[in-house]
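*Asks:* Here is how the chains run, residue by residue.
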Amino acid sequence: MSGLRAADLAGAACPIPIQDYPHVLLAHGGGGRLTHMLIEKMFAATFANPALAPLHDGARLDVDGARLAVTTDSFVVSPRFFPGGNIGSLAVHGTVNDLAMCGARPIALTAAFVLEEGLAMEELWRIVRSMQAAAADVPVPVVTGDTKVVDRGKGDGMYINTTGIGVVRAGLEIAPGAARPGDVVIVNGPIAQHGIAIMSVREGLEFGTKVESDSAALTGLVAALLDAAGSSVRVLRDPTRGGVSSALNEIAQASRAGIRLEETKIPIREDVRGACEILGFDPLYVANEGKVLAIVAAKEAERALAAMRADPLGREAAIIGEVVEDHPGRVVLKSRVGGLRVVDMLSGEQLPRIC
Amino acid sequence: MRYVDEYRNETETRSFVRAIERRVTRPWTLMEICGGQTHTFIKSGIDRMLPPEITLVHGPGCPVCVTPLEQIDRAIAIAQRPEVILTSFGDMLRVPGSDTDLLSVKAKGGDVRMVYSPLDAVTLAQKHPDREVVFFAVGFETTAPANAMSVWQASRLGLDNFSVLVSHVRVPPAMEALLSAPDNRVQGFLAAGHVCAVMGYEEYEPLAAKHRVPIVVTGFEPLDLVQGVYMAVDALEDGRTGVENQYSRSVTREGNRRAQDIIAEVFEICDRAWRGIGVIPESGYRLRAPYRRFDAESRFQVSRVTARESAVCIAGEILRGVRKPHECSAFGTLCTPDHPVGAPMVSGEGACAAYWHYKREA
Numbered sequence: 001m002s003g004l005r006a007a008d009l010a011g012a013a014c015p016i017p018i019q020d021y022p023h024v025l026l027a028h029g030g031g032g033r034l035t036h037m038l039i040e041k042m043f044a045a046t047f048a049n050p051a052l053a054p055l056h057d058g059a060r061l062d063v064d065g066a067r068l069a070v071t072t073d074s075f076v077v078s079p080r081f082f083p084g085g086n087i088g089s090l091a092v093h094g095t096v097n098d099l100a101m102c103g104a105r106p107i108a109l110t111a112a113f114v115l116e117e118g119l120a121m122e123e124l125w126r127i128v129r130s131m132q133a134a135a136a137d138v139p140v141p142v143v144t145g146d147t148k149v150v151d152r153g154k155g156d157g158m159y160i161n162t163t164g165i166g167v168v169r170a171g172l173e174i175a176p177g178a179a180r181p182g183d184v185v186i187v188n189g190p191i192a193q194h195g196i197a198i199m200s201v202r203e204g205l206e207f208g209t210k211v212e213s214d215s216a217a218l219t220g221l222v223a224a225l226l227d228a229a230g231s232s233v234r235v236l237r238d239p240t241r242g243g244v245s246s247a248l249n250e251i252a253q254a255s256r257a258g259i260r261l262e263e264t265k266i267p268i269r270e271d272v273r274g275a276c277e278i279l280g281f282d283p284l285y286v287a288n289e290g291k292v293l294a295i296v297a298a299k300e301a302e303r304a305l306a307a308m309r310a311d312p313l314g315r316e317a318a319i320i321g322e323v324v325e326d327h328p329g330r331v332v333l334k335s336r337v338g339g340l341r342v343v344d345m346l347s348g349e350q351l352p353r354i355c
Numbered sequence: 356m357r358y359v360d361e362y363r364n365e366t367e368t369r370s371f372v373r374a375i376e377r378r379v380t381r382p383w384t385l386m387e388i389c390g391g392q393t394h395t396f397i398k399s400g401i402d403r404m405l406p407p408e409i410t411l412v413h414g415p416g417c418p419v420c421v422t423p424l425e426q427i428d429r430a431i432a433i434a435q436r437p438e439v440i441l442t443s444f445g446d447m448l449r450v451p452g453s454d455t456d457l458l459s460v461k462a463k464g465g466d467v468r469m470v471y472s473p474l475d476a477v478t479l480a481q482k483h484p485d486r487e488v489v490f491f492a493v494g495f496e497t498t499a500p501a502n503a504m505s506v507w508q509a510s511r512l513g514l515d516n517f518s519v520l521v522s523h524v525r526v527p528p529a530m531e532a533l534l535s536a537p538d539n540r541v542q543g544f545l546a547a548g549h550v551c552a553v554m555g556y557e558e559y560e561p562l563a564a565k566h567r568v569p570i571v572v573t574g575f576e577p578l579d580l581v582q583g584v585y586m587a588v589d590a591l592e593d594g595r596t597g598v599e600n601q602y603s604r605s606v607t608r609e610g611n612r613r614a615q616d617i618i619a620e621v622f623e624i625c626d627r628a629w630r631g632i633g634v635i636p637e638s639g640y641r642l643r644a645p646y647r648r649f650d651a652e653s654r655f656q657v658s659r660v661t662a663r664e665s666a667v668c669i670a671g672e673i674l675r676g677v678r679k680p681h682e683c684s685a686f687g688t689l690c691t692p693d694h695p696v697g698a699p700m701v702s703g704e705g706a707c708a709a710y711w712h713y714k715r716e717a
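From first to last, the protein sequence lines stand for chains D and P.
Numbering of the first sequence is given in this note's numbering, commencing with residue 1 and proceeding in unit increments.
Numbering of the second sequence is given in this note's numbering, commencing with residue 356 and proceeding in unit increments.
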């Protein structure tokens, strides 16, 4: 035991100075710098323990010789239905992907529903069926759950929390801090689709073609990657909120190494790029739900790439950059016109520009 | 992406850089007016590709940056009223006022909404006849036509629950003020292509003649900017003054007459305060008398709000191109995008934010 008593905690100063943020802002959940600060200074510091410390997508627990991974995620997406998925399928994909990022095969999921009084039963039924279909696809069973209903006006229709348990493949030491200079950065396909798909529905934007979310379970693709490249796979990360830039910044910082990207090598669909141009968004900060960033030792890079490309979710996989000794902790991008710039972690939320 | 990738071509960009290297014989200081141009320079890394003779200073063309603190405090005061839905473009929501910002007002229950077009705010006013919908109308001549259109529409629809908090500014008077300042060191300008797409460039000709400078109307893509720099350097080396148009695919000398007409219908020219610079004569727009009933400032009686600027922030000198962001003692310490002290650190177009995001020791 740590020796801390309740009385000590009652008088402890808030680790995030109140004068800075007397209220929680949306940006505290945006996946960027404020989210980071909240997690590191308040949550991780308060709950401090060895399993939590790596701040990976899930925790690894060694129990009686079994290497388990546990992860949890809450889903509050609005609108609940979007091109390419809905809150139910997303709640399954998000959690099994977090397990995959630990190198784990999913064993079971839990599902907790917070429902708002007045939600149409038909809609709930559609979402639950979609969750079941997504889980059966992985496959992973939903083994327990919880239901709460809140007063009308006290919840945005419905929220879902899923927790996943998985078994970590033997011989793997995947961790955010494991990237080494010389390693390559691979992404399994075009980025920024989920965020733009959600924006297009939420804001009623039309881009000529329909942009669908990339929401998908990466279990199969990651298994194929690990079969091919094994322990040469150093880091796996799904670039969800905060996008590719925030995920790579976390890896660079945890690994105390630099990451260098090439803008022209990063796959992105033309319509998504166009939408980002119009909105003034940098696609590197836009959310993904079916993408994995894999940091792989250079000697196995081609095998890893080939394995990903053989999977339906990895056909457009590409090497987008490398880990370097220079500028430790920072991500730098060679732009389309050949200049260099820093790719920072997202601060606040991305907001559309004025002109 | 067609019509974009053509202007981000590495080979052509490098060939313009080489042409600049061959043409330049001595140091020149150029100012790009628009914050969007500043960001392209830094985001694409062109500023590091140019020869050392060229000094770029970053102009005042960031609407969020030049909106006075008082005006932001007025928007915040209005947004805190329970009957109000305050709408604005995204950038504006994060700008700190004296005590708080609009996103924090929203977190505390204020109804603050981001819109993509001022006409969306008019639609909101139609949908919510029991609420007061206020649009925070900031920007240069680029946003003025659409903002004017929202007022014109509201008038035509007879909406009495719609109003605008106007903080519009005009580029040419600001250039006049910069060039007339005793500490001016700008020798040539890249004018803002979007502003000129609306207004044309006729009004820049007297400026160029009076102050004997070249002004190159320039676009926003990397290739536009290197070509704009080349044209300005070429003019300076030749001793040419006057207005030249790099952005001819979008800009004509006359500009967009219909857009100018709606501005003239709704707005009239007035003196306006620029944050960090002060009052510049004839540098703003305000509502004309027939539309003044849509003025949020008088409707909510917030004209008397006053504010005090941070003592350390050198935003004014940055906006005038006298100093660079990293020369500020607060840069990166007291002032970061998470805790902006001055507006240039907040906006996507602000020079300080550009330096912070893209230019720290890479």
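Derived from the structure by calculation, the hints contain no laboratory data.
Some hints here could point you the wrong way.
[As the list claims (entries may be wrong)] With beta-carbon atoms standing in for the labels, derived distance ranges:
no., chain 1, residue 1, chain 2, residue 2, range
1, D, 227, P, 407, 35 to 43 Å
2, P, 540, D, 325, 53 to 61 Å
3, P, 367, D, 277, 50 to 58 Å
4, P, 468, D, 139, 41 to 49 Å
5, D, 310, P, 664, 56 to 64 Å
6, D, 149, P, 483, 42 to 50 Å
7, P, 454, D, 37, 17 to 25 Å
8, D, 53, P, 664, 50 to 58 Å
9, D, 120, P, 684, 44 to 52 Å
10, P, 565, D, 41, 31 to 39 Å
For clarity, every value in this text was computed on a predicted model and none was experimentally measured.
We treat Cβ as the ideally placed atom computed from N, Cα and C, and that holds for glycine.
*Asks:* For each hint, tell me whether it holds in the structure or not.
*Replies:* Consistency of the hints with the structure:
no. : hint                      : in the structure
1   : D:227 / P:407: 35 to 43 Å : 53 Å, violated
2   : P:540 / D:325: 53 to 61 Å : 39 Å, violated
3   : P:367 / D:277: 50 to 58 Å : 19 Å, violated
4   : P:468 / D:139: 41 to 49 Å : 43 Å, holds
5   : D:310 / P:664: 56 to 64 Å : 60 Å, holds
6   : D:149 / P:483: 42 to 50 Å : 29 Å, violated
7   : P:454 / D:37: 17 to 25 Å  : 21 Å, holds
8   : D:53 / P:664: 50 to 58 Å  : 43 Å, violated
9   : D:120 / P:684: 44 to 52 Å : 58 Å, violated
10  : P:565 / D:41: 31 to 39 Å  : 56 Å, violated
Hints 1, 2, 3, 6, 8, 9, 10 from the list above are not met by this structure, while the remaining hints are.
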